[in-house]
Amino acid sequence: MARESESGLPIEPVYGPDALAGWDAAEKLGEPGAYPFTRGVYPSMYTGRPWTMRQYAGFGTAVESNARYKQLIANGTMGLSVAFDLPTQMGHDSDAPIAHGEVGKVGVAIDSVEDMRVLFDGIPLDKVSTSMTINAPAALLLLMYQLVGEEQGVSADKLTGTIQNDVLKEYIARGTYIFPPKPSLRLIADIFKYCKAEIPKWNTISISGYHMAEAGASPAQEIAFTLADGIEYVRTAVAAGMDVDDFAPRLSFFFVARTTILEEVAKFRAARRIWARVMKEEFGAKNPKSMMLRFHTQTAGVQLTAQQPEVNLVRVAVQGLAAVLGGTQSLHTNSFDEAIALPTDKSARLALRTQQVLAYETDVTATVDPFAGSYVIEKMTDEVEEAALELMGKVEDLGGAVNAIEHGFQKNEIERNAYRIAQETDGGERVVVGVNRFQLDEEEPYEPLRVDPAIEAQQAERLAKLRAERDQQAVDAALAALKKAAEGEDNVLYPMKDALRARATVGEVCNALRDVWGTYVPSDAF
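My numbering puts the first residue of the sequence shown at 44, with every later residue one more than the last.
By construction, these hints were calculated from the structure, which means they are not laboratory data.
Treat the hints with care, since some could be wrong.
Cross-link-like lysine to aspartate or glutamate pairs, in silico, EDC-like; alpha carbons within 16 Å at most [to be verified]:
1) Lys422 / Asp200
2) Lys71 / Asp425
3) Lys329 / Asp288
4) Lys71 / Asp412
FRET-style restraints, in silico, Cβ to Cβ [stated by the list, open to error]:
5) Val57 / Lys225: 32 to 40 Å
6) Val57 / Ile141: 55 to 63 Å
7) Ala349 / Gly51: 34 to 42 Å
8) Lys201 / Arg92: 16 to 24 Å
9) Ala110 / Ala62: 23 to 31 Å
10) Gly119 / Val357: 41 to 49 Å
Yeah, the Cβ is synthetic: ideal placement off N, Cα and C, and Gly gets one too.
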């Protein structure tokens with residue numbers, strides 16, 4: 044009896060040569076590191092060196108997060124990945140009334156360049172690659188990182204890392220937006236231009252399907268809506284006067300890895316192939332690096348369970364394997380206790396050890412493309428690609444990603460799929476170990492990591508001290524210059540950097556832009 048994939052596509056019990064009848068291997072596959080990059084974006088992939096092992100971390104104050112980063116580096120992490128708390132993500136200071144109860148909870152609280160300085164104290168920014176999961180205020184956090192680098196004596200051309208900077212998926216699946224879509228896209232174009240001139244090795248955007256998957260998107264929906272957003276960003280940059288080959292090599296993507304290994308591998312292969320063709324055929328990219336879909340992967344937090352949490356160690360290992368077999372460039376493996384609370388030191392270390400076992404104790408890094416030519420993988424890749432292209436066509440019919448967002452198309456499609464998954468789980472058709480089968484009569488007690496609620500008061504004290512000691516006249520002048528740039532067409536990152544150097548806060552800078560651009564209010568379609 045045939046099963047269905049996560050995208051609702053049939054999976055046959057047996058595949059043979061007939062599954063690939065009329066299949067052109069040269070057209071569909073190519074060679075590793077060559078167009079259409081189905082087999083991977085680099086010729087040697089992991090046979091030369093493993094993927095970048097990142098661990099997503101950040102909680103409480105900058106002091107606490109700094110200590111966690113140093114532990115991760117000591118344990119072998121190759122790149123840092125910063126989690127910010129909700130007030131920071133939404134452009135509010137820790138002492139703002141709207142921030143009450145959320146300071147330091149889901150990430151680190153960053154209110155000014157002084158917090159950023161503490162966050163990276165003792166961490167050489169010319170030797171560490173840093174990814175920052177920040178979207179609407181991404182420009183601010185990037186500029187604060189650059190300022191800290193300057194204080195360390197590190198020139199901007201030596202800084203490497205990524206800002207997520209993908210605001211379109213916030214309107215679709217996550218909700219931490221600030222400004223309406225049009226000025227948000229203008230800000231992203233300004234970031235592209237600024238980084239080309241000032242921070243050339245920085246990945247300016249990580250176009251994210253992960254959060255759509257967490258909201259319930261199928262694999263086909265995940266890559267379709269993510270690539271549609273990518274197309275919108277490229278069109279925005281081209282319309283702003285940039286040549287596609289000047290910025291496209293610094294674009295990157297961010298996907299989930301589920302426990303369904305075969306479809307996940309197919310999904311990654313299909314995404315690379317679609318993006319390569321779009322960049323070549325629609326945008327006329329000439330540089331092969333502009334056609335490469337480079338991506339970071341995080342294991343599926345939505346599949347972790349609070350019941351029997353140690354079982355999540357197995358889930359994460361399987362999900363990490365799917366990402367590696369799919370050819371990811373970097374990987375974060377979730378900690379087994381994340382369905383309950385923030386990871387403990389021990390669980391974060393175990394998550395990193397999972398990647399190290401995959402890299403150094405298995406043979407998946409011994410050959411460039413382990414699944415190439417597999418009947419089932421190549422057939423599923425074709426089917427996921429076809430389903431994704433159909434969805435991308437519907438987005439185009441609505442006028443592109445922004446117009447489709449305004450119609451609520453992507454959100455409605457994802458919600459329908461999420462409802463299907465919930466029904467299948469509730470009905471027992473979809474087995475979740477420890478939840479609807481193989482339960483325990485009584486769960487074992489587990490002591491999670493908890494964030495000290497006093498952090499909010501501590502951050503408020505730091506802000507009061509900062510405002511009392513800084514040159515307020517210089518701050519006011521810098522914020523006025525920022526508003527003037529936002530009202531016109533000048534790149535806002537230059538006056539924004541001046542304001543942050545003068546110790547303007549995240550909330551003050553974002554409020555200056557709110558005064559000019561307004562805030563986004565979802566339409567009734569949502």
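Hint check:
no. : hint                        : result
1   : Lys422 / Asp200             : 43 Å, violated
2   : Lys71 / Asp425              : 9 Å, holds
3   : Lys329 / Asp288             : 7 Å, holds
4   : Lys71 / Asp412              : 14 Å, holds
5   : Val57 / Lys225: 32 to 40 Å  : 52 Å, violated
6   : Val57 / Ile141: 55 to 63 Å  : 57 Å, holds
7   : Ala349 / Gly51: 34 to 42 Å  : 27 Å, violated
8   : Lys201 / Arg92: 16 to 24 Å  : 20 Å, holds
9   : Ala110 / Ala62: 23 to 31 Å  : 52 Å, violated
10  : Gly119 / Val357: 41 to 49 Å : 22 Å, violated
Hint violations for this structure: numbers 1, 5, 7, 9 and 10, all remaining hints satisfied.
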